[in-house]
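Trainee: Chain by chain, the residues run as shown.
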Amino acid sequence: MSEEAVFSKDRTELECRDLGYAYSKLKVVFQNINLRTRENEFVAIVGPTGCGKSTLIRNLAYLTPPTTGHVFLNGSEVKRPSSRISLVHQSIATFPWMTALENVKLSLISKKLDPAEADRTAREMLQLVGLNGVEDYYPKEMSGGMRQKIAIARALAASPEILLLDEPFVHLDELTATSMRREIYNLVFNPETSLKSAVLVSHNLNEVIELSDRVYVMNGSPATLVDEINVNIPRPRSPRDPTFFDFVDRLYNELDMNLKQ
Amino acid sequence: MDILIIALATLATISRILGLIALSVLTGWGLAYLAVKSRRFENIYVPFVNVLESIPVIAFLPIVLLVFIQGLGGFWGVEIAADFLVFDAVSWNVWIGAYQAFKTVPEHLLEVSENYGFGFGRTMLKLYIPHSIPRVASNLFASFADAFFYITVSEVFIVGVKTYQTFGIGTLIANFVQESNFIGVYYSLGFIAIGVVAVTIVLNMFSRSAIAKYGVDSTHEIKHHGPMSRRFRGLDLFRVRSRYLSRYAARLAHPRHRGGFEGEVGAPTPVRHIIRVAMKSLIFCMGVGVFIYLIYSSILIAFAVPREQWNRYFASTPYLLYSMGADYVRVLVVTLAALGVALTFGYALATHRRASLILAPVVQAISAFPAPAYFPIIFITTFPLFSATLPKGFYTEIYVFILGFLSCFYYVFFDFWIGVQAIPTQFWEVMRNHELSFRTRMRRIIVPGTFPYLITGISSTINSAWAGIEIGEYWPNIDGTHSLEVRDGMMKYIGLNMANGQVGNAAWVSLLFAIVVAIYGIVFTRNLMDLARRKYVVEEGVYAA
Numbered sequence: 001m002s003e004e005a006v007f008s009k010d011r012t013e014l015e016c017r018d019l020g021y022a023y024s025k026l027k028v029v030f031q032n033i034n035l036r037t038r039e040n041e042f043v044a045i046v047g048p049t050g051c052g053k054s055t056l057i058r059n060l061a062y063l064t065p066p067t068t069g070h071v072f073l074n075g076s077e078v079k080r081p082s083s084r085i086s087l088v089h090q091s092i093a094t095f096p097w098m099t100a101l102e103n104v105k106l107s108l109i110s111k112k113l114d115p116a117e118a119d120r121t122a123r124e125m126l127q128l129v130g131l132n133g134v135e136d137y138y139p140k141e142m143s144g145g146m147r148q149k150i151a152i153a154r155a156l157a158a159s160p161e162i163l164l165l166d167e168p169f170v171h172l173d174e175l176t177a178t179s180m181r182r183e184i185y186n187l188v189f190n191p192e193t194s195l196k197s198a199v200l201v202s203h204n205l206n207e208v209i210e211l212s213d214r215v216y217v218m219n220g221s222p223a224t225l226v227d228e229i230n231v232n233i234p235r236p237r238s239p240r241d242p243t244f245f246d247f248v249d250r251l252y253n254e255l256d257m258n259l260k261q
Numbered sequence: 001m002d003i004l005i006i007a008l009a010t011l012a013t014i015s016r017i018l019g020l021i022a023l024s025v026l027t028g029w030g031l032a033y034l035a036v037k038s039r040r041f042e043n044i045y046v047p048f049v050n051v052l053e054s055i056p057v058i059a060f061l062p063i064v065l066l067v068f069i070q071g072l073g074g075f076w077g078v079e080i081a082a083d084f085l086v087f088d089a090v091s092w093n094v095w096i097g098a099y100q101a102f103k104t105v106p107e108h109l110l111e112v113s114e115n116y117g118f119g120f121g122r123t124m125l126k127l128y129i130p131h132s133i134p135r136v137a138s139n140l141f142a143s144f145a146d147a148f149f150y151i152t153v154s155e156v157f158i159v160g161v162k163t164y165q166t167f168g169i170g171t172l173i174a175n176f177v178q179e180s181n182f183i184g185v186y187y188s189l190g191f192i193a194i195g196v197v198a199v200t201i202v203l204n205m206f207s208r209s210a211i212a213k214y215g216v217d218s219t220h221e222i223k224h225h226g227p228m229s230r231r232f233r234g235l236d237l238f239r240v241r242s243r244y245l246s247r248y249a250a251r252l253a254h255p256r257h258r259g260g261f262e263g264e265v266g267a268p269t270p271v272r273h274i275i276r277v278a279m280k281s282l283i284f285c286m287g288v289g290v291f292i293y294l295i296y297s298s299i300l301i302a303f304a305v306p307r308e309q310w311n312r313y314f315a316s317t318p319y320l321l322y323s324m325g326a327d328y329v330r331v332l333v334v335t336l337a338a339l340g341v342a343l344t345f346g347y348a349l350a351t352h353r354r355a356s357l358i359l360a361p362v363v364q365a366i367s368a369f370p371a372p373a374y375f376p377i378i379f380i381t382t383f384p385l386f387s388a389t390l391p392k393g394f395y396t397e398i399y400v401f402i403l404g405f406l407s408c409f410y411y412v413f414f415d416f417w418i419g420v421q422a423i424p425t426q427f428w429e430v431m432r433n434h435e436l437s438f439r440t441r442m443r444r445i446i447v448p449g450t451f452p453y454l455i456t457g458i459s460s461t462i463n464s465a466w467a468g469i470e471i472g473e474y475w476p477n478i479d480g481t482h483s484l485e486v487r488d489g490m491m492k493y494i495g496l497n498m499a500n501g502q503v504g505n506a507a508w509v510s511l512l513f514a515i516v517v518a519i520y521g522i523v524f525t526r527n528l529m530d531l532a533r534r535k536y537v538v539e540e541g542v543y544a545a
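Protein chains in written order, with our numbering: chain A, 1 to 261; chain B, 1 to 545.
Any given hint could be a false lead.
[Said to hold, decoys possible] Derived CB-CB ranges, DEER-like:
(1) A:Ser110 - B:Leu110: 33 to 41 Å
(2) A:Glu141 - B:Arg39: 55 to 63 Å
(3) B:Arg39 - A:Ser110: 37 to 45 Å
[Claimed, not checked] Facing chain B, from chain A, some residues (calculated, C-beta under 7 Å):
(4) Leu87
(5) Ser91
(6) Pro96
(7) Trp97
(8) Ile109
(9) Lys111
(10) Tyr137
(11) Met142
(12) Ala158
It is worth saying that the hints were derived from the structure and are not from the lab.
Positions of the beta carbon are idealized from the N, C-alpha and C atoms, including for glycine.
Given the sequences, and given the hints that come with them, work out the whole structure.
Mentor: In structure tokens form, the structure reads like this:
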């Protein structure tokens, strides 16, 4: 069966068509971006620093409206930010005056749940990310990894269909990042969550191959999508696997080649 | 009437104000450093600034007379006396703002500076001062407005029967009013408006640039210098090429260790240690000296007052406390109104850049117009309607409210306005991403996130409301035929007694007021600032390990 045939059976969750972003007419960051995610798919976007990956992910969430093009969620055009598409930041953003529980409950306010249910949902999400027992701690009393888990729990508590991850592990130490990478795939597609797919932006090529089903490669100036790679390695994946290494090498060459060009 | 003279006088006044604002910023940084380093100094400094901020400009006239006019005399005596009065109008909120900024430096950055053993100079230049720039910027708006608000009593003042004046637009307006030359007054107000709008545009650009460069991931873009301006870069005191944390990380991670021994990075040398101990001892001795002098002077004054007089003072105290209470209610109403305007209109301006480019100078111009020059016009136009439809006590309170509001609303307005702009972009994205309503944003994120700014703004608003209320509570012959006078009010009591030569009565109520303000300074300003440091440092919310 061809690859196109397989995709056509799956439902497209998030899609963007001819997306472009420019600070001015002369300062175009990227253009003609067409990408889509499908149900139960983990998609990654890679590219050199400054090519606009973080801006692109914000365009997908409509936190920064694109200059050109359109974003669709389940076929409906996205025209404003929505908690159905939830973003986890690169710089871990937790509110210092709120406890871990209050930080998570923040994303439930717009759902207008009754307080007991909001409390229960927030506790469940904290438990899901492994933070049970620290609900009443303030972020400054926690490590970077724990703070990022709060941010992820907050994003998941909003019952999003799409989770956007903007280099979520970049500020964590390697041990914590490795442990969180192991958890994240199962976490985002846990039946207890509403998630349908996730989009990851990362510089870490090992991380990208470990997590993704498909990788979009951005490059050039203005940046465009220069390649789309299906990572068809069975899970769980190991960096020691030669196939894993081949994929990393391919991505590296892709980026390096485009940089040289 | 010479338009050129009015233009030159406006320029002279603007230069005077900007120079004195610069002086208050420099002194504010030094005092704020002492306050955050010494709890003892902080306990004296915070109430002291609160008391001074609560004292209206004209209350400083006896000091002006004694120290500058009689001491120095001549042109310089008058000039420095006027400068002192303008300094009084611009400095206190800048000092409180610097203290508040120093108090809320993020813990991890303090630890880095301590870790590398930075001394006073390096800690100030690389940590405290850059961190305080957005908050100092927010206070420049209020200071500039306040200086103009009182310019007619700062540049020209009467001590005894003699009038002293220095060249400036305040003096010109006072002279025009005396000559009933209202055309001259209008032209002067027009020039003030032009000057204020021009300076506000510059301050607006500076504040945005300060937030972009020194705020944590604010929504404002950092403006980089083009190649053409490279040769001027050396003059730009505030240039930064990267964002706040990366900047500090880069600079703090590569300090030029001076005075430290190898293997003991940043360890103080014996000379530095001796200097530090000597400085501390000197400050302590000066503090003790001032304290003893104050106690000694107070005892002398207390014994000089006859026993019967003391009895009269004590007997009048319940009424005075009641009058003070009435004034505190007025101040509370004014502060709540100012806070309401800040939280709605200020928020709208902070989140709509184009609107703020036009409306911020308008707010600044309204704040800066000297009320004594234009308020009689408001009174004359509204009095027939008010007096025909409202009871006297009620419309008098409306006028007092208007004067109180105009004299202080801009403190909390501009502080909050800058505080909102300094909220990190990630927080805005979380708010939008989770579709938080205006009310939820305000309650959960904006108000807590701007808490230190709000404390500074509310503190200055409360302290400065007294001056406007003082003008409104007792204004004889405001339009030539009517007087503005409330039934009960501490400020009216002070004004009446000063006019009748009963200085002792005014001094007694001033002493009671000073005690209340000092307690308020400790209970409100210092304690809330402590709370802000523990919990509401917005910069600590964005974690980039």
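Trainee: None of the hints should be skipped; say for each whether it holds.
Mentor: Here's how the hints hold up against the structure:
The hinted range of 33 to 41 Å is satisfied by A:Ser110 and B:Leu110, whose Cβ atoms lie roughly 37 Å apart. At roughly 24 Å, the beta-carbon separation of A:Glu141 and B:Arg39 lies outside the given 55 to 63 Å, and the hint is violated. In this structure, B:Arg39 and A:Ser110 meet the distance hint of 37 to 45 Å, their C-beta atoms being roughly 43 Å apart. With a least beta-carbon distance of about 5 Å to chain B, the hint placing A:Leu87 at the interface is held under the 7 Å criterion.
A distance limit of 7 Å between C-beta atoms decides the matter here; for A:Ser91 the minimum to chain B is near 5 Å, and the interface restraint holds. A cut of 7 Å between beta carbons decides the hint on A:Pro96: the least distance to chain B is about 5 Å, and the hint holds. Satisfaction of the interface hint for A:Trp97 is found here, the shortest Cβ-Cβ separation to chain B being roughly 4 Å, below the 7 Å cut-off. Below 7 Å, beta-carbon pairs count as interface contacts, and A:Ile109 has one with chain B at about 5 Å; its hint therefore holds.
The beta carbon of A:Lys111 comes no nearer than 9 Å to any beta carbon in chain B, farther than 7 Å, and the hint placing it at the interface is violated. The closest approach between the C-beta of A:Tyr137 and any C-beta of chain B is roughly 13 Å, which is over the 7 Å cut-off, so the hint fails. Residue-level restraint check for A:Met142 is violated (minimum Cβ-Cβ distance to chain B is 9 Å; threshold 7 Å). Hint on A:Ala158 holds. Least Cβ distance to chain B is approximately 6 Å, under the 7 Å limit.
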